[in-house]
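Asks: In order, the protein sequence lines correspond to chains A and B.
Heads up: the first sequence begins at 6 in our numbering, then just goes up one per residue.
Heads up: the second sequence begins at 6 in our numbering, then just goes up one per residue.
Hints should not be assumed to be uniformly reliable.
For identical chains, the list gives no copy identity; a pair is met inside one copy or between any two copies.
[Unchecked claim] Derived DSBU-like pairs: lysine-lysine, alpha-carbon spacing no greater than 30 Å straight-line:
#, residue 1, residue 2
1, Lys-151, Lys-65
2, Lys-65, Lys-208
3, Lys-65, Lys-266
4, Lys-149, Lys-266
5, Lys-266, Lys-215
6, Lys-220, Lys-307
7, Lys-274, Lys-17
8, Lys-151, Lys-274
9, Lys-205, Lys-266
10, Lys-149, Lys-274
11, Lys-305, Lys-194
12, Lys-12, Lys-118
13, Lys-215, Lys-305
14, Lys-215, Lys-65
15, Lys-266, Lys-208
16, Lys-65, Lys-220
17, Lys-274, Lys-176
18, Lys-94, Lys-338
19, Lys-220, Lys-305
20, Lys-274, Lys-65
Honestly, the hints are just simulated from the structure, not real lab data.
Number of protein chains: 2
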Amino acid sequence: MPDIVSKEIRLKSRPSGMPTHDNFELGTAIAAEATKGMVQVKNLYMSVDPYMRGRMNDVKSYVPPFALGEALQGHAVGEVVSSGDDGFKAGDIVLHMMGWREAITGPAAMFTKIDAHGLPLTAFLGPLGMPGLTAYGGFLDIGKPKAGETVFVSGAAGAVGSMVCQIAKIKGCAVVGSVGSDEKGEWLKSLGVDAYINYKTTKDLTQSLKDAAPKGIDIYFDNVGGSHLEAALEVANGGARFAECGMISRYNETGQSDGPKNLIYIVGKSLTLKGFIVVQYQHMQNQFIADVGGWIREGKIKWEETVKEGIENAPDAFLGLFTGANMGKMLVKLG
Amino acid sequence: MPDIVSKEIRLKSRPSGMPTHDNFELGTAIAAEATKGMVQVKNLYMSVDPYMRGRMNDVKSYVPPFALGEALQGHAVGEVVSSGDDGFKAGDIVLHMMGWREAITGPAAMFTKIDAHGLPLTAFLGPLGMPGLTAYGGFLDIGKPKAGETVFVSGAAGAVGSMVCQIAKIKGCAVVGSVGSDEKGEWLKSLGVDAYINYKTTKDLTQSLKDAAPKGIDIYFDNVGGSHLEAALEVANGGARFAECGMISRYNETGQSDGPKNLIYIVGKSLTLKGFIVVQYQHMQNQFIADVGGWIREGKIKWEETVKEGIENAPDAFLGLFTGANMGKMLVKLG
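Chain A on its own, in the form it takes in the complex:
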């Protein structure tokens, strides 16, 4: 097996505000034939996710920032080309964190073998991957759903949001999703979501939420922050739980903008707002795979993907997350 010349996307400069193509550059590296203990992998699909925006800033956070001039990282599914480790052989399908490049050679411990059980490989970057566990862990652990409760989900047609919507329906909840287009909203309705709000066309997000959730909301799964959070605070019932997964409306701000005007409801309504990151739910991984795998087989969980082709289009795919270009999981096909 020869070395592979791998194209990769590097962080050229740190974005200020909304990232642009100028923040990225294409480069090449060598993914060498595997020597002892190493595995050489050709990537088939890579994931772009909103959380990556945070790693582009040079600030301390729960993961270190991306390094300037180096290839970005992220979840990817690949196929083993050559292996110097007994645990892997050519043709094995693996999950790993070295996305944003066509191929990679690294120590065996970097890779996790996948048995797809007949599912498309991309499922392991979506409903059965990090976005799925984010939805499953955050919604069940923080939301603590009870049948008959009302759940509000922002970014509801995204990879995480659409999973939350469906898990909430499985748990017997009424679900209202906020989306950026009627097409996305109709897709959610086809999945069983009770009502959607098109936040781009509504004149009054809070009033729309009141109309869609006349009994108030008991759980808010927040991917967006900002005015969505303010509306959720307004419509929350006493004792409501807010799973604070993300605030994508804020990721590209250059300054800090004002928080919700009605935060005092946290006290008056005895609300719980709890932020989380997916690694906190690693201990739920086995139950997650068992539950979601079962729901997929039973047809209770469906998903959509928006797929760009070729490593050169990875920045486009990433930028599209902030303009709502994706329905469901945004992916880049590499293989």
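Given the coordinates of chain A, work out where chain B should sit on it, guided by the hints.
Replies: Then chain B, alone, in the frame of chain A:
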């Protein structure tokens, strides 16, 4: 036992913004000699508390609003004058919710007999009363303190705040309190608090908190909201817990002002913000009395009181809560 003519303070009009004396009026009512099943009580002390401001608004909340033209309500300690119920006799000391008046006659179920065990009766309106349980329940249940952690308390010299500070020290935490005068701060230091911030004189609350808590804060007990909450979000360590007890800086706002600019830290630092009201901790009452009673006997919990004299001065006492006129518990002596 004759009927008692009881002076009382009524809500004359609903305040807009900071309440004034014009919102209150003095009236009289009759507390009749007790007939069968009834108890006639002369009040000795009544409590004024920040939460009462919320009940002056005509909005749905966890307790119904005070009625216009009627006497206000709140915790009080009184002495039984006459009783038509076997459970009470003249001279008994009772705790009840019919403060803001000199005397009251009501059904026996309204009153709880107190055995003071040699403690001053006012303790049952402070460290062993509702403010004590608020501090004990909220701090232990939401804060989940571990020895060696750092705790930030706003409104730290108030009835609740000063209890939180001392319980935090008992639990082995480092404690930083925010207060409105150096006199209050020095009192807290005499109780063992590690550092205080005078929020009225500091030029930069966040920087002062960073200086006072160089390892960051693990628990924030919030009585104030606003810029205090923003500073706490900034200095919070990953996984920090915020017990959202009150936001007194916001109670007298006529509009809604902007929330903290850095709320996104809830996600990035995996913070938990949890609002609560004291009735949620009623189930901890026995353990609370056992623990705090023991700590008082051991000299580990001390308290201060600011006492106004006479029912006519109850509005003054209440208004003083919003200007920081109280060190420790604000009370009105009636008997």
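Asks: Hint by hint, say whether it matches the structure.
Replies: Hint-by-hint comparison with the structure:
Taking CA atoms no more than 30 Å apart as the test, Lys-151 paired with Lys-65 passes between copies only; the shortest distance there is 25 Å, against 37 Å inside one copy. For a Cα distance limit of 30 Å, the shortest separation of Lys-65 from Lys-208 across copies, 26 Å, qualifies, whereas the shortest one inside one copy, 38 Å, does not. With identical chains, the CA atoms of Lys-65 and Lys-266 are at most 30 Å apart both within one copy (28 Å) and between copies (18 Å). With identical chains, the CA atoms of Lys-149 and Lys-266 are at most 30 Å apart both within one copy (26 Å) and between copies (28 Å).
For the homomeric pair Lys-266 and Lys-215, the shortest alpha-carbon distances inside one copy (18 Å) and between copies (26 Å) are both at most 30 Å. Proximity of Lys-220 and Lys-307 under a CA criterion of 30 Å is satisfied intra-copy only: 28 Å inside one chain copy versus 46 Å between copies. In this assembly of identical chains, Lys-274 and Lys-17 lie within 30 Å of each other by CA distance solely across copies; the values are 27 Å between and 46 Å within a copy. For the homomeric pair Lys-151 and Lys-274, the shortest alpha-carbon distances inside one copy (18 Å) and between copies (27 Å) are both at most 30 Å.
For a Cα distance limit of 30 Å, the shortest separation of Lys-205 from Lys-266 qualifies both inside one copy, at 21 Å, and across copies, at 23 Å. Both within a single protomer and between protomers do Lys-149 and Lys-274 lie at most 30 Å apart by alpha-carbon distance, with minima of 17 Å and 21 Å respectively. Only within a single protomer do Lys-305 and Lys-194 lie at most 30 Å apart by alpha-carbon distance; the minimum there is 13 Å, versus 59 Å between protomers. In this assembly of identical chains, Lys-12 and Lys-118 lie within 30 Å of each other by CA distance solely inside one copy; the values are 23 Å within and 80 Å between copies.
Taking the closest pair of Cα atoms, Lys-215 and Lys-305 come within 30 Å of each other only inside a single copy of the chain (28 Å); across copies the shortest separation is 49 Å, beyond that limit. Taking the shortest Cα distances, Lys-215 and Lys-65 sit within 30 Å of each other only across copies (16 Å), while inside one copy they are farther apart (38 Å). Taking the shortest alpha-carbon separations for Lys-266 and Lys-208, both the intra-copy value of 18 Å and the inter-copy value of 24 Å come in at or below 30 Å. Taking CA atoms no more than 30 Å apart as the test, Lys-65 paired with Lys-220 passes between copies only; the shortest distance there is 15 Å, against 41 Å inside one copy.
In this assembly of identical chains, Lys-274 and Lys-176 lie within 30 Å of each other by CA distance both inside one copy and across copies; the values are 24 Å within and 29 Å between. Taking CA atoms no more than 30 Å apart as the test, Lys-94 paired with Lys-338 passes inside one copy only; the shortest distance there is 22 Å, against 84 Å between copies. For the homomeric pair Lys-220 and Lys-305, the shortest alpha-carbon distance inside one copy (26 Å) is at most 30 Å, but the shortest distance between copies (47 Å) is not. Within a single copy, Lys-274 and Lys-65 get their C-alpha atoms only as close as 33 Å, which misses the 30 Å cut-off; across copies the closest is 10 Å, which meets it.
In this structure, every one of the numbered hints holds.
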